[in-house]
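Q: Given next are the chains, with one letter for each unit.
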Amino acid sequence: MTTLKVLTWTHVNAISDSRILVSVYHCCDIAANLAVFDVSRKGQAKKIYSFEEVSGGKVIAEFPFIIIYFLVTGHGDVTYNSRKSILGAIPVGGKIAYHLYNFSAGKTENAVQLLRKSKWHSQYSTAEGNYKMIPIADSFNAFESR
Amino acid sequence: MHLSLDNFISSFDFNPTGETAANIDLYGTCLISDVNTDNYSFHLKMEKKRGAGKQDF
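Going line by line, the protein sequences match chains A and B. Heads up: the first sequence at position 127 corresponds to 127 in the working numbering, and the numbers run straight through without jumps. So the number in the working numbering is just where the residue sits in the second sequence, counting from 1, plus 146.
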């Protein structure tokens, strides 16, 4: 069996004044997902919300050892504002600046709701003429044969 | 090797009141927008001399 390691980034954010953790996972610039866990019970993490995976990557050309793609989720970021109980996460390049979620705490359970996919403003940089090259030599080394 | 031909948001945050969002993209454009309306407020392009904005081998 052959396994390829890919570039991934994980962000974890604790929601203040609650026992909630948010985990955001970005995979190789091309996909991301989000999960919210209630950790109020000792020794247990109960998933109370998960967001559909965003498949942002679209491969437009593939050569030996080189993959070209666009529409990226990037490394990702997550931020929470306690005053308004809102969370921003999962940007998608060229389409969505961030997904905006609302957190509401109840007596018995907490609720998470996707409020909006914030638009990508035209003032952001255009990538035309620019490119980012990420060597994935480590990934090649990661081919593991069993 | 991966060639990423598009831009993405590198980092973002809300101001303390949660009324304003600040985003910065891969190429150094910082953009301020209204969280409630999602309307554009301001942006500033910051020159990047090195790093992922041009070439990064």
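Worth flagging that the hints you see were computed from the coordinates, not collected in a lab. On a predicted model such as this, the values are computed, not experimentally measured, just so you know. Hints may contain errors.
Said to hold, decoys possible - Dumping the calculated SDA-like pairs for lysine to any residue here, alpha-carbon to alpha-carbon at most 20 Å:
#1 A:Lys119 <-> B:Leu190
#2 A:Lys95 <-> B:Glu193
#3 A:Lys47 <-> B:Ile178
#4 A:Lys47 <-> A:Val112
#5 A:Lys95 <-> B:Thr163
#6 A:Lys84 <-> B:Gly174
#7 A:Lys117 <-> B:Ala168
#8 A:Lys117 <-> B:Lys191
#9 A:Lys117 <-> B:Thr166
#10 A:Lys117 <-> B:Met192
#11 A:Lys46 <-> B:Thr183
#12 A:Lys47 <-> B:Asn185
#13 A:Lys42 <-> B:Lys191
#14 A:Lys117 <-> B:Asp184
#15 B:Lys191 <-> A:Asn102
#16 A:Lys84 <-> B:Lys191
#17 A:Lys47 <-> A:Lys119
#18 A:Lys42 <-> B:Gly174
#19 A:Lys47 <-> B:Gly174
#20 A:Lys46 <-> A:Lys119
#21 A:Lys42 <-> B:Ser156
#22 A:Lys46 <-> A:Asn13
#23 A:Lys84 <-> B:Leu190
#24 A:Lys84 <-> A:Ser18
#25 A:Lys42 <-> B:Tyr186
#26 A:Lys84 <-> B:Asp184
#27 A:Lys95 <-> B:Pro162
#28 A:Lys119 <-> B:Glu193
Claimed, not checked - Distance ranges between label pairs, derived from CB positions:
#29 B:Ile178 <-> A:Ser40: 17 to 23 Å
#30 A:Arg19 <-> B:Ser187: 33 to 39 Å
#31 A:Lys119 <-> B:Ser157: 34 to 40 Å
#32 B:Leu190 <-> A:Asn102: 38 to 44 Å
#33 B:Glu193 <-> A:Leu114: 32 to 38 Å
Glycine residues also receive a C-beta, built at the ideal position from the N, C-alpha and C atoms.
Q: Run every hint past the structure and note whether it holds.
A: Here is what the structure says about each hint:
The straight-line distance between the Cα atoms of A:Lys119 and B:Leu190 is roughly 18 Å, inside the 20 Å bound, and the hint therefore holds. Distance hint between A:Lys95 and B:Glu193 is unfulfilled; the C-alpha atoms sit about 23 Å from each other, more than 20 Å. At roughly 33 Å between alpha-carbon atoms, A:Lys47 and B:Ile178 are farther apart than 20 Å, so this suggested pair is violated. Annotation: proposed proximity of A:Lys47 to A:Val112 holds, straight-line Cα distance about 11 Å (limit 20 Å).
Distance restraint check for A:Lys95 and B:Thr163: the Cα-Cα separation of roughly 26 Å exceeds the 20 Å cut-off, and the hinted pair is therefore not satisfied. Annotation: proposed proximity of A:Lys84 to B:Gly174 is violated, straight-line Cα distance about 28 Å (limit 20 Å). For the given pair, A:Lys117 sits about 15 Å from B:Ala168 by alpha-carbon distance, which is consistent with the 20 Å threshold. About 23 Å separates the Cα atoms of A:Lys117 and B:Lys191, which puts this hinted pair outside 20 Å; it is violated.
Distance hint between A:Lys117 and B:Thr166 is fulfilled; the C-alpha atoms sit about 15 Å from each other, no more than 20 Å. A hinted pair counts as satisfied when its Cα atoms are at most 20 Å apart, and A:Lys117 with B:Met192 does not qualify at roughly 26 Å. The hinted pair formed by A:Lys46 and B:Thr183 fails the criterion: a straight-line CA distance of about 33 Å is larger than 20 Å. With a C-alpha separation of about 33 Å, the suggested pairing of A:Lys47 with B:Asn185 is violated against the 20 Å cut-off.
Of the supplied pair hints, the one linking A:Lys42 and B:Lys191 is violated, its CA atoms being roughly 47 Å apart against a limit of 20 Å. Straight-line distance between C-alpha atoms of A:Lys117 and B:Asp184 comes to about 9 Å, which keeps the hinted pair within the 20 Å bound. Restraint check for B:Lys191 and A:Asn102: not satisfied, since their Cα atoms lie roughly 30 Å apart, outside the 20 Å limit. For a cut-off of 20 Å, the pair hint linking A:Lys84 to B:Lys191 is broken: about 29 Å separates their Cα positions.
The straight-line distance between the Cα atoms of A:Lys47 and A:Lys119 is roughly 28 Å, outside the 20 Å bound, and the hint therefore fails. For the hint linking A:Lys42 to B:Gly174, the alpha-carbon distance of about 43 Å lies beyond 20 Å, and the restraint is violated. Proximity of A:Lys47 to B:Gly174 is assessed by CA-CA distance (about 35 Å); at most 20 Å being required, the pair is judged violated. For the given pair, A:Lys46 sits about 31 Å from A:Lys119 by alpha-carbon distance, which is inconsistent with the 20 Å threshold.
Between A:Lys42 and B:Ser156, the direct Cα distance comes to roughly 35 Å. Violation of the 20 Å bound is thereby established for this hinted pair. Proximity of A:Lys46 to A:Asn13 is assessed by CA-CA distance (about 16 Å); at most 20 Å being required, the pair is judged to hold. Proposed proximity of A:Lys84 and B:Leu190 is contradicted: the alpha carbons are some 26 Å apart, above 20 Å. The straight-line distance between the Cα atoms of A:Lys84 and A:Ser18 is roughly 14 Å, inside the 20 Å bound, and the hint therefore holds.
This hinted pair does not check out: A:Lys42 and B:Tyr186 have alpha carbons roughly 43 Å apart, beyond 20 Å. For the suggested pair A:Lys84 and B:Asp184, the alpha carbons sit about 15 Å apart, so the restraint of at most 20 Å is met. Between A:Lys95 and B:Pro162 the CA atoms are separated by roughly 26 Å; this puts the pair beyond 20 Å, and the hint is violated. With a CA separation close to 24 Å, the supplied pair A:Lys119 and B:Glu193 exceeds the 20 Å bound.
A beta carbon spacing of about 36 Å between B:Ile178 and A:Ser40 contradicts the range 17 to 23 Å that was offered as a hint. At about 35 Å, the beta-carbon gap between A:Arg19 and B:Ser187 stays in the expected band of 33 to 39 Å. Between A:Lys119 and B:Ser157 the Cβ separation comes to about 18 Å, which falls outside the hinted range of 34 to 40 Å. At roughly 29 Å, the beta-carbon separation of B:Leu190 and A:Asn102 lies outside the given 38 to 44 Å, and the hint is violated.
In this structure the hint that B:Glu193 and A:Leu114 lie 32 to 38 Å apart at CB holds, the actual value being about 35 Å.
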